[in-house]
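S.K.: Residue strings, one per chain:
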Amino acid sequence: MALTYDSIASTVLGSSAANITFNSISTAYTDLKIVMVVRSDRGGGATADAVRATINGSGSICSGAFLCLNNTTVSGGSYGASWLFNSAGTIGQSVMPMPCATQATGIFGLIEIDIMNYASTVTTKSVIAQGSSDYNGSGNIVRSVHHINTTSAITSIEFYSAGGNNFVAGSTVTLYGILKA
Amino acid sequence: MTILGVTASSIFKPTGNFDSIATSGGVGTNTVTFSGIPSTYKHLQLRVFTNNTDANSLTLRMNGDSATNYIQGQVEATGASRTSGHNQSGVITGIFLASLLNAPNFFCPIIVDIHDYTSTSKHKTVRINAGRVTTSAGTNRVYASSGAWLNTNAISSLNVSVPGANFFNDSVFALYGIKG
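Residue numbers (the numbering used here), protein chains in the order written: chain P, 139 to 319; chain B, -1 to 178.
If we strip away everything but chain P, and leave its shape as in the complex, we get:
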């Protein structure tokens, strides 16, 4: 029997990778929680990269709203009919930044994603996500909410760099299941 708070799967990259994928996700839980500690190899003096994800192989069923602190600038916005966290391959369109090669070695970003009612075959899905990265004098804080426009159970999630870069070795992504009574 599934536990109330269960580690379903975990990935720790031993070498860089273009994507991190969870397939055949069990539908035995109520919510999914994904905890990411990640960094990309994007170089060229860029200040950050960003994360985006497909849901059940689709990059067009998500929409969302976000509140972001980027260094000292507060911003907000919405997106529609896209990948989770937006972006059609453009880093600046993603709402979920992550550190990259420009940042000091050892600095990784923290992203926490809660997908509510993911296994339902009746309702669409809602997501709360938070991101935190600090670069010793700059950084990002993100609070966001998203909608996944499918009544199918979510059985696969695939994470990418929004700019087509790689997650570096040491990046960790863990998938948890949360089960209600």
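Among the clues, some could well be false.
[As the list claims (entries may be wrong)] Stretches of chain P that chain B covers, calculated by requiring three or more beta carbons in the stretch to come under 8 Å of a beta carbon on chain B:
| hint | stretch |
| --- | --- |
| 1 | 141 to 154 |
| 2 | 209 to 215 |
| 3 | 252 to 262 |
| 4 | 272 to 285 |
| 5 | 302 to 310 |
Since the hints were derived computationally from the structure, they do not count as laboratory data. Yeah, the Cβ is synthetic: ideal placement off N, Cα and C, and Gly gets one too.
Could you slot chain B onto chain P? The hints should help.
M.R.: Positioned in the frame of chain P, the structure of chain B alone reads:
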């Protein structure tokens, strides 16, 4: 609808450090109460997935207290517009969670953390991450807030309610206990 913590979770025996205490679907009602919350945990987490046909505020109260014994600060984003504010004691009669909206098949996600809920020497501070997303960018909301119930009693019940219409069918109100 009142859910007794022990009865609703009778099929689950506490097995670890994160336990499901009780769950409600909020069917046919606009209020859900978790009563008889056991004092054997250190923290509580309330996870809500709901909406209703009236555009009203979803509110959290502790131990049935509907007086102005709550305080709350909040940052809210509506598209590119951001607002912030704070309510001192003597103003609000509960903790605001989210503004619901009549958007069929869209459910607001809400996660509430209440740390040290059994303390008899501390006011009860809560942290809320919530929002709503619909087909219209202008009605999307992101809420990040913190608040407190100005009472040092241990929390034994939680009530989540909205004035007006009942919660959508297929809503989920789930209370979890976290051991310390």
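S.K.: Against the earlier hints, flag every one the structure doesn't satisfy and list their numbers going up.
M.R.: 5
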